[in-house]
Amino acid sequence: SSEVLSRCSQSRVKLTMIAFLLLALWIQPTWTENYKMDSTQLMGIVNPPPPVIPNEAYFDEAMMRNVTGYTDEKVVLHCIVRKRGNITVSWIRHNDLHLLTVGGYTYTTDMRFKATKDKIVEDWVLVINPARKNDSGTYECQISTTPIKSIYIYLEVHEPEISISGSPDLIVQVGSMINLTCTMKHFSKPPQKVDWFHNKQLINIETSKGGVSIMTEKADVISSSLLIYGANPVHSGVYDCDLG
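Take the sequence shown: its letters are residues -32 to -1, 1 to 212, numbered as in mature numbering (1 follows the signal peptide of the UniProt record, and there is no 0).
Because the hints were derived from the structure by calculation, they are not lab data. Some hints could be false.
Across the chosen pairs, the derived CB separations fall in these ranges [as the list claims (entries may be wrong)]:
hint, residue 1, residue 2, range
1, 104, 201, 45 to 55 Å
2, 82, 29, 23 to 33 Å
3, 104, 75, 13 to 23 Å
4, 201, 95, 47 to 57 Å
For glycine and all other residues, C-beta sits at the position ideal for the given N, C-alpha and C.
Start from the sequences and build out the full structure, keeping to the hints where you can.
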């Protein structure tokens, strides 16, 4: 036979009756008020929210709170502030509590980070270009109101993964079929095709002597299978797959 190889106290206090009565009278209004508030909550009565202060800056709740990015590509985080007035908008990275931007100024030596502004919609944008896997985490957009207000955006940066199923070494019998499956995931755009290589040489089924086929399925996870019928010693070697 031949071998074909392939490659996450109770405390005690004594009080006189007079002192006790005075104490009880003093605490009664507060205790009664709190008791009434708790009772309304138990009955399902919801107290109205505090009145909105005119012209006070606030965040647009329609903003995306979870953002997905991909390594080596640009990632954009949005922070839309309504009625901003003269307040300052800042971006903070929570992984290390690093101040990234204040207004239109960048406060990091990492040149991948940049602050931009869309004046029409009051969108204070944090751009990371290109993104890295370790950029994943929570980012805080903060406005300098009194008290300070913040909104949190979670970024997850995916790193493309390409793998061939099975162990690094595959042994098959002469005359049998070789079946290798390449899996690709975490790509921002589906690849146009998947190429297979044998000993670093592109496998072209059109020029092959026959017995070779490639089947590719495109979905969230891309799967490509290389089928070689009638294995023989010339098929020994290293197999790789890559984006076409």
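Checked hints:
{"no.": "1", "hint": "104 / 201: 45 to 55 Å", "in the structure": "holds (46 Å)"}
{"no.": "2", "hint": "82 / 29: 23 to 33 Å", "in the structure": "holds (25 Å)"}
{"no.": "3", "hint": "104 / 75: 13 to 23 Å", "in the structure": "holds (21 Å)"}
{"no.": "4", "hint": "201 / 95: 47 to 57 Å", "in the structure": "holds (54 Å)"}
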